[in-house]
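2 protein chains.
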Amino acid sequence: MSAQRVSLVTLGVAEVPRSRAFYEAWGWRVRQENDDIVFFQCNGLVLALFRADLLADDQWRTREQLGVGGMTLAQNYPSVEDVDERYRAAVSAGATVLKPPEATNWGGYSGYVADPDGHVWEIAHNPYWDVSDDGSVVIPDSLP
Amino acid sequence: MSAQRVSLVTLGVAEVPRSRAFYEAWGWRVRQENDDIVFFQCNGLVLALFRADLLADDQWRTREQLGVGGMTLAQNYPSVEDVDERYRAAVSAGATVLKPPEATNWGGYSGYVADPDGHVWEIAHNPYWDVSDDGSVVIPDSLP
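First to last, the sequence lines map onto chains A and B. Using our numbering, read the first sequence as starting at 1 and increasing by one per residue. Using our numbering, read the second sequence as starting at 145 and increasing by one per residue.
Since the hints were derived computationally from the structure, they do not count as laboratory data. Cβ coordinates follow ideal geometry from the N, Cα and C atoms, glycine included.
With the Cβ distance kept under 10 Å, some of the chain A side facing chain B (calculated, not the full set):
| no. | residue |
| --- | --- |
| 1 | Gln4 |
| 2 | Gly12 |
| 3 | Ala48 |
| 4 | His119 |
| 5 | Ile123 |
| 6 | Asp134 |
| 7 | Val138 |
Produce the entire structure from the sequences given, and follow the hints as far as they go.
Right under this line is the structure:
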């Protein structure tokens, strides 16, 4: 069975209600929840917001060992206009701007924001990748 | 268009060849590449290994601002035996053990390892979630 899979992405957060409010303001809808964790159903995978101290415990590490920003999540959209719209929605929801969307040196268009705990999201249009309505992407057979 | 999507996960890495060798030893196969980045096709999303200094530049941040461990990726498998097998494969590939697989308090079975840059992977069996052959998961309508 192939190890080449991402079934779940878990973000360690200081306060689940605060983070949940941010994602809901950004348009996300919770699928399951309890006091310590909430789950969102995405395109073939799940994203969770989990109390960072419990995440650290679960990994047998200290809270101080959990950094943010070295791993980036991206949302792809079919057009530049979609990126602008979804970027504005993220900022309206309270995201911290790292870089407003702009044309990239690889022929795409993207910007970066951070959530309340500093987790980084890229909001991007890549003209060389097919993106489904649910955000799934497929790398094509050949590079441009 | 819904913002509830993860199209791409990018890991900032010190040395792309070193990280690539680890993931290939773990059974992953590169779909596209250049000197600074490699792309793996996963279940409806893409995972990239990208030079951490370039990832920091791309976010208008410093390399020092990029931590690891606050965001965890998970692989789900249909059985406890699958978890044990894939955990051993990760360790054989050079992963750092954080926690060997064990029964969890929520009724699952999971362990944690870290890749060469400290990015955390959980390898898990969740008896309450359906997992497809490619690792896609769907949250059921009701909790147990």
